[in-house]
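Single-letter residue listing:
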Amino acid sequence: MYQLTQLSRVFTKGRARITALKDVDLAIADGEFLTVQGPTGHGKTTLLLLLGGLDRPSSGHVIFDGQDLGAMPESRLVDVRARNFGFVFQNYNLMPTLTAQENVEAALVPLRTRAEERRSRALAALTEVGLRERAGHFPPELSGGEQQRVAIARALVKEPRVILADEPTGNLDEVARGEIVALVEGLWQRRGMTVVVVTHDTQVARRAPRTALIDHGALTLRYNRPPTGSAPAGPGRSRPAEAS
Amino acid sequence: MYFRYLSRELRRRARSASVVAIGLALGVGLVIAVNAAASGVSAAQGEVLHSLYGVGTDLTVTKVPTPGSGGPFRFGSGTGGFSRSEQGQPINVSRLTSSGGLATLSAKSVTAISKLKGVLASTGALSLSSISVSGTFPGSSASSSSNPLSVNTFTVTGVDADDPGLGPLNASNIAHGQSAVQSWFDSVQKGSSSDHLLALVSSSYAKQQSLKAGSTVTVHGTAFKVLGLVTLNQSASSSDVYLPLSEAQSLSGDKADVNTVYVTADSSSDISTVQGEIQHLMPKATVTTAADLASQVTGSLSTASSLANSLGLWLAIAILIAAFVLAALLTSASVTRRVREFGTLKAIGWRTRRIVAQVLGESLVLGLVGGALGIGLGVLGAFLVGKLALPVQATVSPTGLGSGAPGGFGGRFPGGGSGAGAGTGAGRFGGSGTAGRSFAHTFAANSHTVTLHLTAPLSLEVLGLAVALAIGGGLLAGLFGGWRAARLQPAEALRRVE
Numbered sequence: 001m002y003q004l005t006q007l008s009r010v011f012t013k014g015r016a017r018i019t020a021l022k023d024v025d026l027a028i029a030d031g032e033f034l035t036v037q038g039p040t041g042h043g044k045t046t047l048l049l050l051l052g053g054l055d056r057p058s059s060g061h062v063i064f065d066g067q068d069l070g071a072m073p074e075s076r077l078v079d080v081r082a083r084n085f086g087f088v089f090q091n092y093n094l095m096p097t098l099t100a101q102e103n104v105e106a107a108l109v110p111l112r113t114r115a116e117e118r119r120s121r122a123l124a125a126l127t128e129v130g131l132r133e134r135a136g137h138f139p140p141e142l143s144g145g146e147q148q149r150v151a152i153a154r155a156l157v158k159e160p161r162v163i164l165a166d167e168p169t170g171n172l173d174e175v176a177r178g179e180i181v182a183l184v185e186g187l188w189q190r191r192g193m194t195v196v197v198v199t200h201d202t203q204v205a206r207r208a209p210r211t212a213l214i215d216h217g218a219l220t221l222r223y224n225r226p227p228t229g230s231a232p233a234g235p236g237r238s239r240p241a242e243a244s
Numbered sequence: 001m002y003f004r005y006l007s008r009e010l011r012r013r014a015r016s017a018s019v020v021a022i023g024l025a026l027g028v029g030l031v032i033a034v035n036a037a038a039s040g041v042s043a044a045q046g047e048v049l050h051s052l053y054g055v056g057t058d059l060t061v062t063k064v065p066t067p068g069s070g071g072p073f074r075f076g077s078g079t080g081g082f083s084r085s086e087q088g089q090p091i092n093v094s095r096l097t098s099s100g101g102l103a104t105l106s107a108k109s110v111t112a113i114s115k116l117k118g119v120l121a122s123t124g125a126l127s128l129s130s131i132s133v134s135g136t137f138p139g140s141s142a143s144s145s146s147n148p149l150s151v152n153t154f155t156v157t158g159v160d161a162d163d164p165g166l167g168p169l170n171a172s173n174i175a176h177g178q179s180a181v182q183s184w185f186d187s188v189q190k191g192s193s194s195d196h197l198l199a200l201v202s203s204s205y206a207k208q209q210s211l212k213a214g215s216t217v218t219v220h221g222t223a224f225k226v227l228g229l230v231t232l233n234q235s236a237s238s239s240d241v242y243l244p245l246s247e248a249q250s251l252s253g254d255k256a257d258v259n260t261v262y263v264t265a266d267s268s269s270d271i272s273t274v275q276g277e278i279q280h281l282m283p284k285a286t287v288t289t290a291a292d293l294a295s296q297v298t299g300s301l302s303t304a305s306s307l308a309n310s311l312g313l314w315l316a317i318a319i320l321i322a323a324f325v326l327a328a329l330l331t332s333a334s335v336t337r338r339v340r341e342f343g344t345l346k347a348i349g350w351r352t353r354r355i356v357a358q359v360l361g362e363s364l365v366l367g368l369v370g371g372a373l374g375i376g377l378g379v380l381g382a383f384l385v386g387k388l389a390l391p392v393q394a395t396v397s398p399t400g401l402g403s404g405a406p407g408g409f410g411g412r413f414p415g416g417g418s419g420a421g422a423g424t425g426a427g428r429f430g431g432s433g434t435a436g437r438s439f440a441h442t443f444a445a446n447s448h449t450v451t452l453h454l455t456a457p458l459s460l461e462v463l464g465l466a467v468a469l470a471i472g473g474g475l476l477a478g479l480f481g482g483w484r485a486a487r488l489q490p491a492e493a494l495r496r497v498e
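Chains X and G, in that order, give the protein sequences. Heads up: the first sequence is residues 1 to 244, going by this note's numbering. Heads up: the second sequence is residues 1 to 498, going by this note's numbering.
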């Protein structure tokens, strides 16, 4: 699904140059559950944004389904984003003026889904994350864990091919963290989506078969379960590609 | 989703939204109120100018006498003429002179002007001043005590009855006595000799002289029957006695002359062309337009005009600009606060134009609310100006145009006709005076002052302008905010820590 080659991202701030990612090569298979781990500020989120087509590389390529996201015009990239990627953020990033259901519906707006269908799909997604009865509540009326579940419902309502989660448990207590990890894992297992979760939490990182470790912009791979040659990367999906 | 998101967002930041809406409302309200007040001032100015000219009259043509020629005063044959008498001898003289120090224009000028391109109509009028002196020359104690010298002056205007819609007695100048004026016009137009000896008398002069309909008024030895009384508008420049033009000409000895020609142009855009044509036709004449006269208007009306047109307008523009800038800054600040929100929307696939439309829509709603409030404020302001009915005074001074001519009235009435400002109309001699006073000085010092009550009429155009301004303000603020939202990079927005 993804092929990252010689991927670098450099930020310039005045005269200073900050290398967030340096010559990263990585392949992610369709249906794989990958965690990305590393200290704060070492390039994890940058990698996630590049995978989601929200940022462009300074050099190298992000190939998604054979298309280079870095070279794609913005108008097409918007479409690719709208159809293929579901984002989950550490701070939930829900619209405070919209109800849980409306927040979930917002993800269907760019797909020009009709209002009636939007409503039913949003309610179905909220049911899947266990928040059907909280559909009419506004974000400030929900706990952190509930808000993150709404955010997950918003990410999966459009049935994307990839869920990209940036520290989804970063702001949660232990109980809520366990619930969210279980929910993401369950989605991966049930739906067979490709899931990439950025975390600095080793416990969370080890839930995935593979973890990409990022340190000062360089990437190495860690197998949390021994790779079994012919075994699928996910629940009945393709094998993970090796990092170079 | 669009409107729900929009309305909830505006409710969320109700305070800053209110500031934007109120700012726009103040700007728009002030524009409406100032515009209405300016219209009121303009209408008042129009009324003043109008009254001095006559309705529908766009230009007047007068002529200043040649310096040193003895001024505009002309002496009619009079009853008995004027001659120095021995002390103690009785005197009874009457003089009819061109009023306002104006030189005469031939009746042919009226015809020639009417044939000019762009001229709709023209008519002539003859303004005269009657001065009569009677009694006994001082010097003999016996005779002076028995019959002191007295001077009686009044103004007479000869009106062309064939042009009732033009000239000094046009309908819009009449405050009271419209029917008397109409029947006077009708009678004079019939043309019989007795009908020509009919006069109209101003109510104030009638009161002063105890005249009423059916009375007789004597002008330069000729008796005229008073057909009715007439009161001109407060702002109009009236005469004491109105006669048929031909009679006035006959009495003054100018068989076919006039001293003011009232001209109506085909349209207001033709006025300057017509002015040039008349000037070309009559190089020595003074052709005055309403615009020329407006520059001579002084007094509180002039101050109000300056206030409305300068200070008021600039104040309104300044407040409006401030409101626009405030709206743009607050919208921009709101976009800054919502950076992560917009970044998230972009991340979930919202197009930039959809986000810009959201920001623009919010600002537009604020603009419309501000506009509606502004219209309310403006209408209230205009209503208050109208309710207060502030009195304003307008003065048209007779200075400036006339070079003045030394009077030649045998040394007794020196200084005739200095400074006859065109359009100042009938300079009045102020009723009866005493012998030896300088009547010319009285005339020269005379200026026409009227008091009007300021109104603030509203027009649909102004309200439309206000709505356009409000929408424009909202759009401007929205575009500024939208531009900032459009430039937002989603990655940058999502990295932002709030």
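Quick caveat, the hints were computed from the structure, so don't treat them as lab data. Treat the hints with caution; some may be incorrect.
[To be verified] Here's a subset of chain X near chain G, in silico, CB distances under 8 Å, partners left out:
{"id": "1", "residue": "D30"}
{"id": "2", "residue": "T45"}
{"id": "3", "residue": "G70"}
{"id": "4", "residue": "M72"}
{"id": "5", "residue": "P73"}
{"id": "6", "residue": "L77"}
{"id": "7", "residue": "R81"}
{"id": "8", "residue": "N93"}
{"id": "9", "residue": "V109"}
{"id": "10", "residue": "R154"}
{"id": "11", "residue": "L183"}
{"id": "12", "residue": "E185"}
A virtual CB, placed ideally from N, CA and C, is assigned to each residue, including glycine.
We went through each hint and held it up to the structure:
no., hint, verdict
1, D30, "21 Å, violated"
2, T45, "7 Å, holds"
3, G70, "12 Å, violated"
4, M72, "14 Å, violated"
5, P73, "13 Å, violated"
6, L77, "10 Å, violated"
7, R81, "5 Å, holds"
8, N93, "4 Å, holds"
9, V109, "6 Å, holds"
10, R154, "7 Å, holds"
11, L183, "19 Å, violated"
12, E185, "22 Å, violated"
Of the numbered hints given earlier, the model fails hints 1, 3, 4, 5, 6, 11, 12; all others are met.
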